[in-house]
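Asker: Line order of the protein sequences matches chains A and B. Residues are numbered in this note's numbering as their position in the first sequence, beginning at 1, plus a constant of 11. Residues are numbered in this note's numbering as their position in the second sequence, beginning at 1, plus a constant of 573.
Worth flagging that the hints you see were computed from the coordinates, not collected in a lab. For each residue, glycine too, the CB sits at the ideal point set by N, CA and C. Hints should not be assumed to be uniformly reliable.
Pulled from the structure, derived: some chain B residues nowhere near chain A, Cβ distances all over 12 angstroms [stated by the list, open to error]: (1) His640; (2) Thr658; (3) Arg790; (4) Gln849.
If you want the footprint, here are the derived chain A segments under chain B, 3+ residues with CB under 8 angstroms [what the hints assert, rightly or not]: (5) 93-105; (6) 447-460; (7) 582-593.
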Amino acid sequence: MYVKNIDYREIHIISSHNLAVREEETIVRVAGAAGDGVQSAGMIISKVFVRNGLNVMTYNYYQDVIRGGQSWYQIRGSHNPVRSQGDGLDILIALNRDGLERHTNPEINEGGASPLEGIAIFDQGITDYSPRSARYCPMPLAEIAAKHSKVALVKNTVAIGAAMASLGIDFSIVADVIRDTFGTKGNVAEQNVSAAKEGYETYKAKYPPLNKRLKTGGKGKLLLSGGEAVGLGAVSGGLKMYIAYPMTPASSCLHFLAAHAKQYDLFVKIPEDEISAINMAIGANYAGVRAMTGSSGGGFSLMVEALGMAGMLEIPIVVYESQRPGPSTGIPTKTEQGDLNLVLGASQGDFPRIILAPGDAAQSFYLTREALNIADTYQAPVIVMSDLYLSEHEESVDGLDLSFTPDYGKRPGDGEANYRRYLITDDGISPRAVPGQEGLMHNEDSDEHDEYGNVVSDAETDPRKRVAIMEKRMRKLEAYRSTIPATDTYRFDDADVAVVQWGSTRGVVEEAIDLLRERGIRAGAVEVTHVFPLNSDIEKLLKGKKVIVVEGNYTGQFNRLLKSEFPVDTVLVNKFNGEAFYPGELAGMIQGAIRN
Amino acid sequence: MITVKDYEGSVKPDWCPACGNFAQLSAIKGSLTELGVSPSNAVVVSGIGCSSNLPEFIRAYGFHGIHGRSLPVASAIKWANPKLTVIAYGGDGDGFFEGTQHFFHTAKRNVDITYIVSDNQVFGLTTGQASPTAQLGYVSKSTPEGNIEKPINPLTFALAAGATFVARGFSGDPKHLQDLVKKGIQHKGFSFIDVLSPCVTFNKTNTYDFFRKRVYRYESPDTGDFMAAYKKCEEWGDRIPIGLLYESIQETYEEKDPVYRKGPIIESPYRGITPQDLQEFL
């Protein structure tokens, strides 16, 4: 039986009593059609924020079109921690009339985002809008742009200047970011800087600043998307080859690595399909070179048979799986956590597999390189699960620990006598020879085999050998299980309510818990990054608590895994409309679940 | 000094007596020996099928993977360590049904590996269904009324894909076959050898006698003439040419990818991420 789904359309949204918190953060949204430069404008603002030492979370709302449609890019910045896209909207930069109407209209609550509470910056040529409660700040964006450049999109830069003026941000950092963005080609950068400057001054002369108290001027931070963080983590982990077929939202990692292949001495390849991609990555690992593949659910489905082969041949392989809503093509540009059953059950038979799910960009970096070491150590498939929300949005990261020692696992010495590729050992791990090693020739076989790699499934079927080798392989999982780090928790010491989450919902769950705590509800979070096998410490953490599982899918796939591993009663809080949870909404859903 | 004995596997082949695969196993072992390739540097990758069991029967690095997928595995092994001699091996069902897209694209990429197909026009391991090269009218378990699908021509397919070495051998002419395999391994780039290989158990049509009557050794006057080669590859019926039909020397994939400028990937040291690498994210 599935837990009854909560109707997220009728959620009581909880907002913070602490108004100071809202004054210490700002949410800026750039809205327009695809092709209007929404994302580029948003990236500039994000960079201005992180260079000012602010914490940043962005949210990218886009559609499956190359041009047209409606998209928006939101930047939440604060000197306090920001762990989700947040609730509320302070500054709207509307690049077209539709954008202005949508984001000021409480009836069109797109993706669960809040309507504008602050100012709207738009070109004064847009006049035929229906006025609502927002503060309208029409500006001569196109007119100013035309003074500085022949390129119409420069009006976006003018609007950025105006928005930064409303927050009282030092213009010199805005100018630096614009210069870095447009580069040294011709005078494009300087045209944009002067256009932004005039937008900045014009706003200051015409309109009052927003009532915000952002502490700027702190140490700059990194701005990373989850997809980039996976790529960086992979290279930090010693990756030499990335072979993948394009599929949103896993492609951001592919694009990042392809663009940096030269810099990182990396082999990057798009082959004919995902089947080829994973077989190639397995082939490279077999030959002793760290290689990875990545895709979303559709592509991962094609990789399923080869994943089992890696399990059988005991070849390390890391697969980056970034989820989007299914089934089938589903919603290519939206988010969901609906592939856990697929990844857990991928391929016939039993074999050790390990599933990791980072909760933010920094964890995407650390867990990907950890995955490479785990795969080599246990000679087994490791799947790093992310989703569109985590893969495609940028967030600030304070810094990354770049020191790392690759662990290539047990390897035999050249010419070792009586070499057995699948030597039966206590921990199930056998020394792995790679081709080119002197005298260690052997066969690795997808048919069941003995210690030497010789087939025992055909003419010489031997049930005892089958049992011995099967148990050897499965022992690797037990050996790994004992190394899983203690499960993370948040505000958990005095909690009566345990909110269990996995993957990308980590930040929003923490913010929802803060909101619930303001209302006297003693909730805390259990934050699962090592999804399979689960750390047995979770059972103890959940004992005696009201347990609520939060995840982004219909049936509660993680909830079911949790209940299959531990004797625990849970209530599922889920969402599957394609958008990520919002903190106020999630707090309301959890509150509802506690009452039920 | 490498001898054929060095390639002698500990497991005896489980193929039917007189199976065409024996001649190919022998040709592969003989060619590697003649070329002085150490078994430590030889890798044989296969898919699934009777012929694909071969890696178990040779003392080299063997990779017996899954149906149709030998070529991606073999390509990446070569990419990871270009010093290895990599041979992909399998049957016509494996290569021309499930492996079709890999065959096409591996040929197009000109990866420096050798692909040998034991082409017996039938599925052996699954006990006798029509394969993609089964002749029209061929009666099998899957086509009791006779095959109504035209067979594919692996040679013209390889040519169309851009293969730089296309040859046909015959298991009934092992000396000639070994010479082709040797040439294929020596060829810089993707070499494809389709081997007419009678299945003595399930194919009662395309027998040794059938081929002996038709097959003739063909010496191309100009192996670089693509159109002439294409035409020759289409010859099938009373007379079937065997031999090297097309060869051209072109840059391999490995020669084109700039990553190899610093040497083989397997020898490249751990790089990691440096603080300078993070500058662009500030």
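Asker: Hint by hint, say whether it matches the structure.
Answerer: Hints, verified against the model:
no.	hint	result
1	His640	violated, 8 angstroms
2	Thr658	violated, 10 angstroms
3	Arg790	holds, 34 angstroms
4	Gln849	violated, 10 angstroms
5	93-105	violated (count 0)
6	447-460	holds (count 12)
7	582-593	violated (count 0)
Consistency with the previously given hints fails for numbers 1, 2, 4, 5 and 7, ordered from lowest to highest.
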